[in-house]
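*Asks:* Residues per chain are reported as follows:
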Amino acid sequence: MIEEIVCELKANRSMLFGAIIICLLLFIVAFAPTIAPHDPLDQDLQKRLSPPSSQYPLGTDNLGRCILSRLVYGSRASLPFGLAVSGAALIIGALVGAFSGYLGGRADVVAMRIVDVLLAFPGLVLALAFVAILGPGLINASIALVAAGWAGYARMVRASTLAIKDREFVDGVRTLGASDFYIIARHIVPNVVAPVLPMAFLGAGYSILALAGLSFLGLGVRPPAPEWGLMLSDGRIFMRSAPHLMIFPGLALSITILAFNSFGDGLRDALQPKSREMIHITK
Amino acid sequence: MLRYAARRLVLIVPTLLGISILTFMLLHLIPGDPAEILLRQQGVTTTPEALDRLRAAMGLQDPLHLQYLHWLNSALHGDLGRSLAVSYGRPVLPEILRRLGATLELATASLAFSILISLPLGVLSALRRGSFFDILLVIGSSLGTAVPAFWLGPILMLLFSLYLGWLPVCGRGGLEHLVLPALTLGIGAASLTSRVVQASMTESLNEDCIMAARAKGLPEVHIVLRHSLRNALLPLVTISGLQFGWLLEGAVFAEVIFTWPGLGKLLVDSISSRDIPMVQGCVLLISLVFVLVNLVVDILYCLLDPRVRYD
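Here the protein sequences line up with chains A and B, keeping their order. One point on numbering: in the numbering used here, the residue at position 231 of the first sequence is 231, and numbering is uninterrupted. So the numbering used here is basically just the index in the second sequence, starting at one, shifted up by 1000.
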């Protein structure tokens, strides 16, 4: 799998662009205190809404806080939480899908009916419903997105599980006396996760977007914490006099999502021949 | 065909029941006693007597499944409870139905805009694969899918309303009020749709029937419009159905940004004011619309392509 990804990375420029931007963003997340020129919460009220300058490279907001520093620190909310949401949804979905597909019977019927119901809601509307239950906040918004997002992965993993559960190597391990749990964890999940991996990367972009969206609506990160969606929402009020307040967080968000989408698309291209081959064999 | 439609209708019943159960459970999943939450929401002092009275009135002492059946019965009779905040004490359903029209208007306009833009772009780019125009479309559609609606909306507002003064800033009224919110949602949708049209058109142009049409000496315009495009339109139907859900989702942002009086804005306002009956109503109706639109798309798909049968 790694070989195919490296090959695709060499041939596919947009995937390479995505990979570089994601690495750069992770670097910013890790070294935010060193990169940020100011404290993101420090207010300089005499320099409120000032345009980009040498002291404040991207200007200041309505409370005189450095926008660049807030963007840098904001990546610490968007990226780790977006990735965690996507990762958690993938793990829950993969486990439910693998167990449901492998065990079959009533458990499968019940799990898939639940998945059907969850997929019958537009994703963000379901997440909003969960936020209504849990209350606003970054953690609650993340939990709401996981609760709304795992069903899609479960359905995909179940389909792949059904395709491989009767293959010889699974029969072989079963004959050797392995437990269902061992077979699912050691043999089914590693085989069915590859086709879902690109979806998880595309899903990470969506999770970052949705988290920022919930913060934009006032249901995610609470002020004064720096977060891109919240910065966008605050900047909207001053869009005529200081459009930079709104432009830079939007740009940061768009570039991040573009990077995850490009990388996810490339990953799908790299892994598709294999998944196609696998489906062909199982037929 | 009718049998398929009937089967499909029967199949959505369990999904609708599931949706109703989840919606009903919203109030009960909130940590704490629902009666206490409702009383606090209304600003009433929570004495044990008041709590008991409300519990009895709401039937909260009944087992959960009985409460659900009672709620479902009321919902089927058009009673989704009374609002606790947005329009205090008023029934939820009329308020939601009033807002539904605005949301459907916005989603339909966005979908129409998306199809109008993406169809010619996708077809042209499929006809000129590898050209500058094709590359431009790929870049444009990648950017279009990456730009969040809640950033694009304010940017469009800044440009067309505040700087140029061509269009109204917000609110609902004539066609001019609809342009910016519909563009905000439509651009993202068009980015995805144009890629789908391009892919299906490319595939359809490589089919044997097109080669046969060319061999017969039919004019290129005729081949593209009468043969290739007709085949390539099918995925557009599917993607449009899926996108309707995405548009209902995106409408939340567009409605908040442009103060469009739709269901999405009502939902966000209700969550902020913890008006749970209103949240329940909004979620129920939005998902109902989503399920019904997908049902219509499935049936339409079957109608358009008689080869498709889901037996």
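Calculated directly from the structure, the hints in this document are not laboratory data. Certain hints may be false.
Derived CB-CB ranges, DEER-like [unchecked claim]:
1. B:1059 with A:182: 52 to 58 Å
2. A:44 with B:1165: 32 to 38 Å
3. A:251 with B:1226: 58 to 64 Å
4. A:87 with B:1040: 55 to 61 Å
5. A:39 with B:1301: 52 to 58 Å
6. B:1036 with A:181: 37 to 43 Å
7. B:1292 with A:176: 47 to 53 Å
8. B:1089 with A:179: 32 to 38 Å
9. A:181 with B:1089: 52 to 58 Å
10. B:1208 with A:166: 31 to 37 Å
11. A:182 with B:1002: 20 to 26 Å
12. A:39 with B:1089: 43 to 49 Å
13. B:1131 with A:10: 24 to 30 Å
14. A:169 with B:1301: 44 to 50 Å
Some, not all, of what chain A presents toward chain B, calculated at C-beta under 10 Å [as the list claims (entries may be wrong)]:
15. 138
16. 139
17. 178
18. 182
19. 261
The beta-carbon is built from N, C-alpha and C at its ideal position, and this holds for glycine as well.
*Asks:* Compare the structure with each hint and give your call.
*Replies:* Verification of the supplied hints:
1. Checked against the hint of 52 to 58 Å, the C-beta distance between residue 1059 of chain B and residue 182 of chain A comes to roughly 48 Å, which is inconsistent with it.
2. Checked against the hint of 32 to 38 Å, the pair residue 44 of chain A and residue 1165 of chain B passes, with Cβ atoms roughly 34 Å apart.
3. Between residue 251 of chain A and residue 1226 of chain B the Cβ separation comes to about 44 Å, which falls outside the hinted range of 58 to 64 Å.
4. For the pair residue 87 of chain A and residue 1040 of chain B, the supplied restraint of 55 to 61 Å is violated, since their beta-carbon distance comes to about 36 Å.
5. Between residue 39 of chain A and residue 1301 of chain B the Cβ separation comes to about 56 Å, which falls inside the hinted range of 52 to 58 Å.
6. The hinted range of 37 to 43 Å is satisfied by residue 1036 of chain B and residue 181 of chain A, whose Cβ atoms lie roughly 42 Å apart.
7. For the hinted restraint 47 to 53 Å between residue 1292 of chain B and residue 176 of chain A, the CB-CB distance of approximately 50 Å keeps it satisfied.
8. In this structure, residue 1089 of chain B and residue 179 of chain A break the distance hint of 32 to 38 Å, their C-beta atoms being roughly 58 Å apart.
9. A C-beta distance of roughly 53 Å is found between residue 181 of chain A and residue 1089 of chain B, which places it inside the suggested range of 52 to 58 Å.
10. Our hint of 31 to 37 Å for residue 1208 of chain B and residue 166 of chain A holds, since their Cβ atoms are close to 36 Å apart.
11. At about 49 Å, the beta-carbon gap between residue 182 of chain A and residue 1002 of chain B misses the expected band of 20 to 26 Å.
12. Restraint check, residue 39 of chain A to residue 1089 of chain B: a C-beta distance of roughly 47 Å satisfies the suggested window 43 to 49 Å.
13. The beta-carbon spacing between residue 1131 of chain B and residue 10 of chain A, approximately 25 Å, falls within the hinted interval of 24 to 30 Å.
14. Between residue 169 of chain A and residue 1301 of chain B the beta carbons are some 38 Å apart, a value that contradicts the proposed interval 44 to 50 Å.
15. Nearest Cβ of chain B to the Cβ of residue 138 of chain A: about 16 Å, over the 10 Å cut. The hint is violated.
16. Hint on residue 139 of chain A is violated. Least Cβ distance to chain B is approximately 14 Å, over the 10 Å limit.
17. The beta carbon of residue 178 of chain A is not positioned within 10 Å of any beta carbon in chain B (closest approach about 35 Å), and the interface hint is therefore violated.
18. For residue 182 of chain A, the shortest C-beta to C-beta distance to chain B is roughly 33 Å, which exceeds 10 Å, and the interface hint is violated.
19. Hint status for residue 261 of chain A relative to chain B: holds, with the closest Cβ pair at about 6 Å, below 10 Å.
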